[in-house]
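For this one, chain H is given, so just place chain A on it according to the hints.
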Amino acid sequence: MKFPKYFSIWQKIGMHGLRLTAWAVLAFLMIPILVIIPLSFNAEPYFTFTEGMLTFDPDAYSLKWYAEIFNDDKWMLAIKNSFFIGACATLIATVLGTFAAIGLSNPVMPFQRAIMAMLLSPMIVPLIITAAGMYFFYTQLGLSGSYLGVIIAHAALGTPFVIITVNASLSGFDYSLMRASLGLGAPPVYTFFNVIMPLIRPGVISGALFAFVTSFDEVVVILFLAGPEQRTIPRQMFSGLREQINPTILAVAVLLVVISGLLLLTIEYLRARGERIRSGEI
Amino acid sequence: MTDTSIADSSHGTNDQYVRFVNVKKSYDQRILVVKDFNLDIKKGEFVTLLGPSGSGKTTCLMMLAGFEDVTSGSILVNGEPVTDIAPYHRNIGMVFQHYALFPHMTIAENLAYPLKVRKISASEVERRVKESLALVELNDFAKRYPGQLSGGQKQRVALARSLIFEPSIVLMDEPLGALDKNLREQMQFEIKRLHEDLGFTAIYVTHDQTEALTMSDRVAVFNDGIVEQCAAPEVLYEQPANSFVANFIGENNRIPGTVKRIENGLAQVELIDGTLATTGNKNCPAEGAPCTLTIRPENLFIASKHSMENSIQASFMTRLYVGDSIRYFFKLSSGTELMVKTLNDQHAPVLERGAMTQLTWSTTGGLALDRSE
Numbered sequence: 001m002k003f004p005k006y007f008s009i010w011q012k013i014g015m016h017g018l019r020l021t022a023w024a025v026l027a028f029l030m031i032p033i034l035v036i037i038p039l040s041f042n043a044e045p046y047f048t049f050t051e052g053m054l055t056f057d058p059d060a061y062s063l064k065w066y067a068e069i070f071n072d073d074k075w076m077l078a079i080k081n082s083f084f085i086g087a088c089a090t091l092i093a094t095v096l097g098t099f100a101a102i103g104l105s106n107p108v109m110p111f112q113r114a115i116m117a118m119l120l121s122p123m124i125v126p127l128i129i130t131a132a133g134m135y136f137f138y139t140q141l142g143l144s145g146s147y148l149g150v151i152i153a154h155a156a157l158g159t160p161f162v163i164i165t166v167n168a169s170l171s172g173f174d175y176s177l178m179r180a181s182l183g184l185g186a187p188p189v190y191t192f193f194n195v196i197m198p199l200i201r202p203g204v205i206s207g208a209l210f211a212f213v214t215s216f217d218e219v220v221v222i223l224f225l226a227g228p229e230q231r232t233i234p235r236q237m238f239s240g241l242r243e244q245i246n247p248t249i250l251a252v253a254v255l256l257v258v259i260s261g262l263l264l265l266t267i268e269y270l271r272a273r274g275e276r277i278r279s280g281e282i
Numbered sequence: 001m002t003d004t005s006i007a008d009s010s011h012g013t014n015d016q017y018v019r020f021v022n023v024k025k026s027y028d029q030r031i032l033v034v035k036d037f038n039l040d041i042k043k044g045e046f047v048t049l050l051g052p053s054g055s056g057k058t059t060c061l062m063m064l065a066g067f068e069d070v071t072s073g074s075i076l077v078n079g080e081p082v083t084d085i086a087p088y089h090r091n092i093g094m095v096f097q098h099y100a101l102f103p104h105m106t107i108a109e110n111l112a113y114p115l116k117v118r119k120i121s122a123s124e125v126e127r128r129v130k131e132s133l134a135l136v137e138l139n140d141f142a143k144r145y146p147g148q149l150s151g152g153q154k155q156r157v158a159l160a161r162s163l164i165f166e167p168s169i170v171l172m173d174e175p176l177g178a179l180d181k182n183l184r185e186q187m188q189f190e191i192k193r194l195h196e197d198l199g200f201t202a203i204y205v206t207h208d209q210t211e212a213l214t215m216s217d218r219v220a221v222f223n224d225g226i227v228e229q230c231a232a233p234e235v236l237y238e239q240p241a242n243s244f245v246a247n248f249i250g251e252n253n254r255i256p257g258t259v260k261r262i263e264n265g266l267a268q269v270e271l272i273d274g275t276l277a278t279t280g281n282k283n284c285p286a287e288g289a290p291c292t293l294t295i296r297p298e299n300l301f302i303a304s305k306h307s308m309e310n311s312i313q314a315s316f317m318t319r320l321y322v323g324d325s326i327r328y329f330f331k332l333s334s335g336t337e338l339m340v341k342t343l344n345d346q347h348a349p350v351l352e353r354g355a356m357t358q359l360t361w362s363t364t365g366g367l368a369l370d371r372s373e
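Going down the list, the protein sequences come from chains H and A. Quick note: the first sequence, position 269, residue 269 per full-length UniProt numbering, numbers continuous. Quick note: the second sequence, position 137, residue 137 per full-length UniProt numbering, numbers continuous.
In isolation and in its complexed conformation, chain A is listed as follows:
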């Protein structure tokens, strides 16, 4: 290695603490599960790999942990390639979906395990186990066995065990997947709190988009072995790079159309029923090509007195009473279904089934994207 490359690798290690460079992975030497994965992760960042099951997100995590080898490309931690280091020498914490607590050891023994492996003195082990139990508020559980704990408690122990040897990177593979909804939200807070208090770099895998949006600094959206978009949660939601991301993150209305004109970052789209609409342009194809107009349900309104820049005629089908909000379902003449989400206040309209209604949205409320499928 030359001097310049050393300078290069040490330079900017805080911004490129973990690097995936052109990583490819194939299990059978024929089909690539991960196709050219590139990602730079900052030190202390909370990055989530989000995607449908089988999209390659867990494989990326396992390659970083060292449980799967890399078919080609390289993974660097702090400027050093780790692909040839044994998993037990990588010093990376890991939390598994099904906890992976050792059932024959007590909670204290589970927590002490990584410390004993590292030949840390007994008194120090005892002190750190105590501290760690306090950290996850399980002080009285030291002598219990994992089988005697509830799912949430087990996951807290697993979390504590992955942190007790002070790794700089912690990987979490759908850690909350086995928990029920309330517990999951509680654990999300817990993980966020620990991340903020301890400042480790977290890489989190999930297929739950709410979890990804609420917890992460950045989210990488996986689809079929590639990253569709990697950005902060608000960017993913408000400025999706393509129609896959637009559909995968949150709910979205999609109206097929054709590109009429593109200028100044705006796209004029002729919708399937002939209506013209102007919205922001993201990755629209060339003029004349098919595209998709996407409108978030909360950006689409039922027109009353004044309508916005765009509007379309639709017939009311049914409504879903959610509680804090009401969802109205409409159908276009072309058969496309649309959903409007309205706050449940005095302004929530009452509609007859089959009534023709104007739906309206602003230029910034919609986004013209490519047409997938």
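Chain H extracted, bound-state conformation:
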């Protein structure tokens, strides 16, 4: 590292210390995630590195735990459930969240802050409380142990993310565009789909991705509400940890990491693109 000449020895030590701490924090966050990747290729049914793995013996590595996922009906059901519930919940959360954000951004709307706080509460209230509340309420309605119940619950958890991202994309929105569109003869619905929607689309999509991820790795509500039919990947991993001690669970975890990583990159790409559109570069 290059320091200005006027730096004292203590400033230099301080700067090195800061760097070291930053790297340590990063390592602390990343190592648990990264370490499962090689372990998922373990040829032995252990959760530790074997002698062969450390010496890079090709025979010590295998894809058999990945094959295991696809041969196990429980895992296949869990994967199907995760994607099905995630997709449905995302759809509901995106539609509701987008409309809520547009409505709340309108200056005419009364009690904006109160309503916003209420809509965002599933994100703030401890999940276990939300889950317990949902359990009692949904059981009354006969929704517990059904796909519909789980989907509605996940939609409720995902909506705040959509509201936040759409709200952010609306904050830079030029409302004279709406007036311009109406003035040019376009009715409100036409205006929504042709002017507002294209401009807030990055916000809508990244909100949808957040909602999907929320549903995808949610386990608390599932524990309360889902029956054996609705087991999702996280739920299956949760029981897998106790019942079937083998690295299949690590293979699933790696798949989840890859999926989450891809979603994260998509969100980042959309965010950057949204900024470009707003600044008029495209």
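These are computed hints drawn from the structure, not numbers from a lab. Some clues are possibly wrong.
Claimed, not checked - If you anchor each label on the Cβ, the simulated ranges turn out as follows:
| no. | chain 1 | residue 1 | chain 2 | residue 2 | range |
| --- | --- | --- | --- | --- | --- |
| 1 | A | Val21 | H | Val108 | 23 to 29 Å |
| 2 | A | Lys143 | H | Pro228 | 55 to 61 Å |
| 3 | H | Arg113 | A | Ala86 | 28 to 34 Å |
| 4 | H | Val25 | A | Lys119 | 58 to 64 Å |
| 5 | H | Pro187 | A | Gly199 | 27 to 33 Å |
Just so you know, these numbers come straight off a predicted model, no measurement behind them. The beta carbon of each residue, even a glycine, is placed where N, CA and C say it ideally should be.
Just chain A now, kept in the frame of chain H:
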């Protein structure tokens, strides 16, 4: 509706193409932003609403466009009330200050937008977009996005977009406010040209008086929710109805005084330092009441050999060299400051600071008005 009223409304629609009748507007049900606005606009006329910010001029425009509802009164277009028609059915073109071009569409798509909404055939849309681009001399810009255009180009596209669906009325809300001075003048010509070529009725909002004077057939001067005067530019400048208009339009010297006598359209005014002056009377209060004498800087002269009907003693303060003209600043004994605008020719006098000078003006060069403030 009876037969006579139909006859009434169709009668004179060309002179009363757009009518504001007793229009009032309040946003909070307490304060009126627009207080009893009345204006008749001829078909094809270019009318400017001019006033300081917050005087209600944009609100009037928005009510005509349908973006704000009318608290009371009515707005008629071609004899038909429009207050209950949705903005997207009014068929009025509008140009916004910040262009309001759709950033995710190309210039051609922006122009095609109002036509596509109207379900016009693709070939016709293409033809009219091409024509429209030619009209504002942006033929090569069809495939560009608004973000790639300069301010002036964007405003030309906005103008073209507001005209492409052939509305009979075009509203412009400070369309040149975001442009720099040179571009603004160029765009003023452009707008005038389009107005003359296409013959639409234009209602233009601005707080720039030069813009209002150079472009309009008539200018309505707004102040605090009411129209102070609505007249042709030369009438506003030469015969302002009251002291607000006299001050707002152009530069003016104001000397406080008292009305001595009013007769034959002339007013004799005793100025604050005791000088008597006779000038044209506009809306002077009764004899004995305080009034303001206004003299345009170009109508006030530094007396050399012969002086005119009126004159006053003043001390020279400083001068501003503008280029084509020179501004001389004087102070009366009462403290009132006066400005004289002289062409920069051989006759422009050279004065010592503090020198006592006679300033002179003709009877028609000044105007006696009410005293505001």
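The hints, checked one at a time:
1. A:Val21 <-> H:Val108: 23 to 29 Å: Taking Cβ atoms as reference, A:Val21 and H:Val108 lie about 27 Å apart, which means the hint holds.
2. A:Lys143 <-> H:Pro228: 55 to 61 Å: Once the Cβ atoms are compared, 58 Å apart, the range 55 to 61 Å for H:Pro228 and A:Lys143 holds.
3. H:Arg113 <-> A:Ala86: 28 to 34 Å: holds, 31 Å
4. H:Val25 <-> A:Lys119: 58 to 64 Å: holds, 60 Å
5. H:Pro187 <-> A:Gly199: 27 to 33 Å: Once the Cβ atoms are compared, 29 Å apart, the range 27 to 33 Å for A:Gly199 and H:Pro187 holds.
Of the hints listed earlier, there is not a single one the structure fails to meet.
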